[in-house]
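In our numbering, the protein residues as written are 367 to 1585.
Hints may contain errors.
As the list claims (entries may be wrong) - Below, computed lysine-lysine pairings styled on PhoX-like, alpha-carbon distance capped at 20 Å: (1) K607 <-> K660; (2) K1269 <-> K1248; (3) K1248 <-> K1343; (4) K1186 <-> K1166; (5) K850 <-> K931; (6) K398 <-> K502; (7) K1248 <-> K1186; (8) K1343 <-> K1258; (9) K1269 <-> K1298; (10) K944 <-> K1047; (11) K536 <-> K440; (12) K867 <-> K850.
Unchecked claim - With beta-carbon atoms standing in for the labels, derived distance ranges: (13) G488 <-> K608: 17 to 23 Å; (14) T1512 <-> G1448: 23 to 29 Å; (15) S817 <-> Q443: 24 to 30 Å; (16) E1202 <-> Y958: 52 to 58 Å; (17) N1559 <-> S989: 54 to 60 Å; (18) D1257 <-> R1422: 43 to 49 Å; (19) Q1385 <-> T1556: 14 to 20 Å.
No wet-lab data here; the hints were simulated from the structure. Small disclaimer: the values here were computed from a predicted structure and weren't measured. Think of the CB as a built atom: it goes at the ideal place given N, C-alpha and C, for glycine as much as any other residue.
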Amino acid sequence: MAACPAPGPSPEQAWLADAQTFIQETLCPTGKEPNNELTQLVIDCVKMMWLSQGENQGFTLPLSYRFVSVQNLKTHQNLPCCSHLTWSSTAYQAWVQGAGPNGNALPREQLLLLGTLTDLSGDLEHERPDGSLYVKDNTGILGCELIDLDLSWLGHLFLFPSWSYLPPAKWKSLEEGHLELWGAPVPVFPLTTNPEPLAPIPVLYPEKALYLLTHRMRRQVQEANLAGKLIRLSALIKSQKKEYFVLTLGELSPTDSQALNQVSIMVQIPAQMVWYRVFWPGRSYVLTRLRIAKTRRHHYHIWTTIPSSNLMLLKPDCVRELELELELGLGKPSLKDKPKPPSVPTKSQNSKGQADLVRHSRVLHYSGMVTGVLNESASLYLLDGQLILCLAYQQIRGLKRMIRPGVSLELRDVHLLHSVGGGTTRPVLVPCLHGTVQLRSFSHQKPEILSSHQVHGTYLYEQLVWDYQLGLPTYLWATKALEKLVCKLCPHVLRCHQLLKHSSPGNPSLALQLLASSPDVLTPPDSPIRNAHSEILEEPHQCIFQEYTQLQTPYTFPDLLTMMKEGQHSAWANFDPKALVPLPESAYLTSYQINRRLAWSWHCVLPSTLQPAQVLVGVLVASSHKGCLQLRDLSASMPCLLLAENSQPLADPRFIGCLVRTERFQLVVEREVESNFPSWKELTMAGFIQRQQTRVYVQFFLTDALILPVPRPSPDASTTSAPPQTDSACLEGQSRLFLLSHKEALMNRNFCVSGRASSESPMPTLSFHVSGSWLGGTQRKEGTGWGPPEPLGSEKKDQKVFLIFLGSSVRWFAFLYPGKVYRLIAPGPPTSMLFEGESSSQRPLELAGCVSCLTVQDDWTLELGRSQDTPDVLEISRELPKSSLTHLLSDKFPDSLVSFSAKILSRTICDPPLTFRRRQPGNTGTVKTCVKLTVALEIADYEFTPHLNIYIEDPHLPPPIGLLPGSQVHFSQLEKKISRSSNVYCRFCSSTSIQVLSFSQQTRVSDPLPHIYLAELLQKGQAPFQATTSCHVVFIFSLQIMWVCAHCTSLCPQGRCSRQDLTCPTQTAISQASIRFLVEDGTAEALVTCRNHHVAAALGLSPGEWTFLLDCVRVSGKLALHFKGPGAESESPARIHEPLTLFLQTLCTSPSVLRPIKLAFELTRRPSDVSPREPPRLQQFQCGDLPLLTRVNPRLQLACLSLQEQEHSSTLGAFATSC
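Work out the full structure: start from the sequences and follow the hints.
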């Protein structure tokens, strides 16, 4: 029979064996024999605490618990946890409920933690304690926090029955976790208590200690012991040289006369920094062996500790009060010798208005619970769901790691500020160095998962407070602004830790450069500078939080989507049809004319008009889908137009990917409206607007912007990204320089891309062409530069090239401009004949004068050529091509290509000039629309520049951005056309390109029209197209008044449309009038045509008289008079004797009409009219008995713009002067 196997060890035995092994490895001194006594003491201690819970279920040992070392916690415990040896399950569930209904309580782990409590972080010889606490064993050391510390615990071995461990967050991988020790630790060895002193300790209470301090009796008093109740505890000040804090003791039971008897003590010995954790306001203490010292660079005398000083709780039986006059040989202190508080410096009263803006904070004590983390890096928290707690103005890095929702804090001597402004609406609690923040209970909750802007940038925010000395309102605004910048740009543009990196010598902070254009914006020169000693010791208390003014938000950083929406909202809020088509002009326009006038308009938003002002921030990208530059953030992409110095466009592709910040820009909103307003009377009714849309873009000058390169992620960054494609080009590649001579339009073209199946029909592809000349041969990459160009062979002629950009290479459209040198770079291993190009037929290239046609690949890049790259033998012309005025305004060379610079005068929506078919009533949607630009040509040495019309049709719609009234634009290779009326106009074609030279100003001031003589219009050479003149009305040729339908323009007798075939959709009638008369000014005569409301001015009628006249004509619907010299002849002989006709005959021949006037006009014959001019005619005049024969110039044809009375003319009404 086989022997039975030996029974294994029982669970208790196994647990004890593991415990013994753990204790010997982690707690016993290394290199010594096993300490059985220590092992037994630890087990007894654990057993005692285990049995105290009352729910051990008969087990004398916590078999479900295991020992854990410091190293195991740091290495293997990656999640927050807690352990409570003495808690039952019921107690733990009740503790979980304390986390709140939305709280995420710490999970419970069954771990046993032992270690030595110490204030020394390691075994370094020159270590300087800073007041931190640690738990240490043989495996390592770990920082901890204990709410109520007893100095006798330091250096002793403890079992920690209740604790929680929080590992470092992911964004703090280089830091270590920390322990939160709940309740008092249990000593493994009995603690040795200090024996009671044999004799009572002689002490000074605050009243007498203050007397000695006030009278500077340092020589009589070398050392003294001070006792009293802790009234105030300052912040713990940490600098590079030393750490210190100041405590204030008061009388134990002060009377009214002793209320001001408070004495301050400075503790600055490194080994005594741990005392800061012991002090508890309201308790009484004794500090021994204190001396009087003078603070450096200040005139404060203060009690200070020395290395041999001790701290103990005050026990009345162990102390006795020291009598100054007996034991120190000093005179009895007199009440007259009590110190008087220094007078508060008064501020100069600059003005009553400024004094009214100053607010005063309240100093108070407050206890509350943290309910939210607003910004951990900026030390901003939410207290009790109502107050903002700002801890940035104290150095509390150790305490800050404990603060999370659920933590209870006691704030003493903190400032309460209301209405600080800068976007902050809640009241703010902020402690200065005079006050203190103490932890009163740990949180039951796990740390929240915070967003990136809440955890990065700690050192940056500390710089704002300690280096830039920001006041609280400005600091709160700066934190909000930085949060907005992070939300705009991180993580796709750059990493959050890169944006919020603090400044260092020679490496300014990217965030601070975006935040403010100069440091004075954040910190004005007259800002107060904090002084720690004054802030803590000065009485009455003075600090930067006592007085403050409500901050008006300097500016904001809205995301691009919000900015675009605000621009659209502003544009439609300012959209007023009655302002775009104002009276009295609109009263005479047909429905078609009104709706065409409203079809396009634009609105410009300036940052200075917004409250608060807005700063534009984004990364500059080049779009391959639209071929324009864009500013981009995480919310949207906005097209932009940039101009460099001297009206030069942005031609350097190195700006791609850079951050752009500008405070001066124009946000342009182009409005497009489809409407069916019947007439001017319904312009206030928004229901007639059928569709409206906008196009939003921004334009600014490069000199007004801050351009910052985006740093690449560092190799040791916590998150990495794939390197950009341009990195391969830096290693190897080849390039070639070329001079750009012309760029064609960006439009959809039919291309058969090589590599596709032949069965696929070619689809329209967004593309453009450029033509230019190669400058030298191919160059290969050599290190960080380019090698010498390869020889070209024997040919000496210019090597012209035709480059095709399509697909992703369309992104280079915004950077290519004629007259500039570029370097075309192809990454990868060198390939022979790469830039020679191929073509299925060489005949088109020969006709174009090009030796090669090359399609730019998607991975190729462009660089702007440098001056040293351009061969010296070439003289490159930087001037823009321009056609001569003779060639432009001549009847020769129709359909030719012309180039010129011009200023846009107006932009409207109209019918294409080639649409000659009659527009049928009610069928307006069948006619294609186009954009009409009226421009003034920029011709050198011309005082009066001629005007020209430019039409933009499909497929060039919508037009490029920047074509606004008032803009200066260079048009290249427009197609010249001559209309049927012999007028020269231009239109966009596939070879057209534009270059904006200057931006428009919506609030531009129009120049006054020149005042001339009529004879100046007959002189050869320059003549203004629009001008004013003083002349005399000689006689009237014709007058016509009619009422027509606002929809179909049919005659409307008695206000009804006369159409017979269909019912007109509207029954609105409008009046139209015209008058033709002859004027002369003694130098020449001209035939003037006035229309609509100008007819009333020509007849000298007041508004009421003109309205009455129109109503009289409304019955018949039309009235026409033609005058031939003296007398009049009406169009309808049957009505010649009607009263209205007789009245108008009399009026048109009366002095009230034939009078001196001031006429503003424009030539009926436009400068672009190329029809043959009528030659002078022979005309005979009778001078007495002598007949005279002379040549007379043809009469000038003018159109009235406005008509005013001469200053010396009569102001009597027309009816009064003609009756």
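Do the alpha carbons of K1186 and K1166 lie within 20 Å of each other, as the hint requires? Between K1186 and K1166 the Cα gap is close to 15 Å, so the pair holds against 20 Å.
Pairwise beta carbon distance, T1512 to G1448, judged against the given window 23 to 29 Å: 27 Å, holds
Whether the CB-CB distance between E1202 and Y958 falls inside 52 to 58 Å: Given about 56 Å between the Cβ atoms, the range holds.
Does K1258 lie within 20 Å of K1343 when you go C-alpha to C-alpha? Given pair K1343, K1258 holds - Cα atoms ~10 Å apart, limit 20 Å.
Determine whether the Cβ-Cβ distance between N1559 and S989 falls within the hinted range of 54 to 60 Å. 57 Å, holds
Given the proposed pairing of K398 with K502, does the C-alpha separation stay at or below 20 Å? Satisfied, since the Cα-Cα distance of roughly 18 Å is no more than 20 Å.
Restraint check for K536 with K440, where alpha carbons must lie at most 20 Å apart: Holds, because 14 Å separates the two Cα atoms, which is no more than 20 Å.
Hint check: K944 vs K1047, CA-CA at most 20 Å. Holds or violated? Within the cut-off at roughly 9 Å; holds.
Hinted pair K1248 and K1186, Cα distance within 20 Å: 17 Å, holds
CB of G488 to CB of K608, is that within 17 to 23 Å? 20 Å, holds
Within 24 to 30 Å: is that where the Cβ-Cβ distance between S817 and Q443 falls? Once the Cβ atoms are compared, 25 Å apart, the range 24 to 30 Å for Q443 and S817 holds.
Hinted pair K607 and K660, Cα distance within 20 Å: Satisfied, since the Cα-Cα distance of roughly 17 Å is no more than 20 Å.
Of the numbered hints listed earlier, not one is contradicted by the structure.
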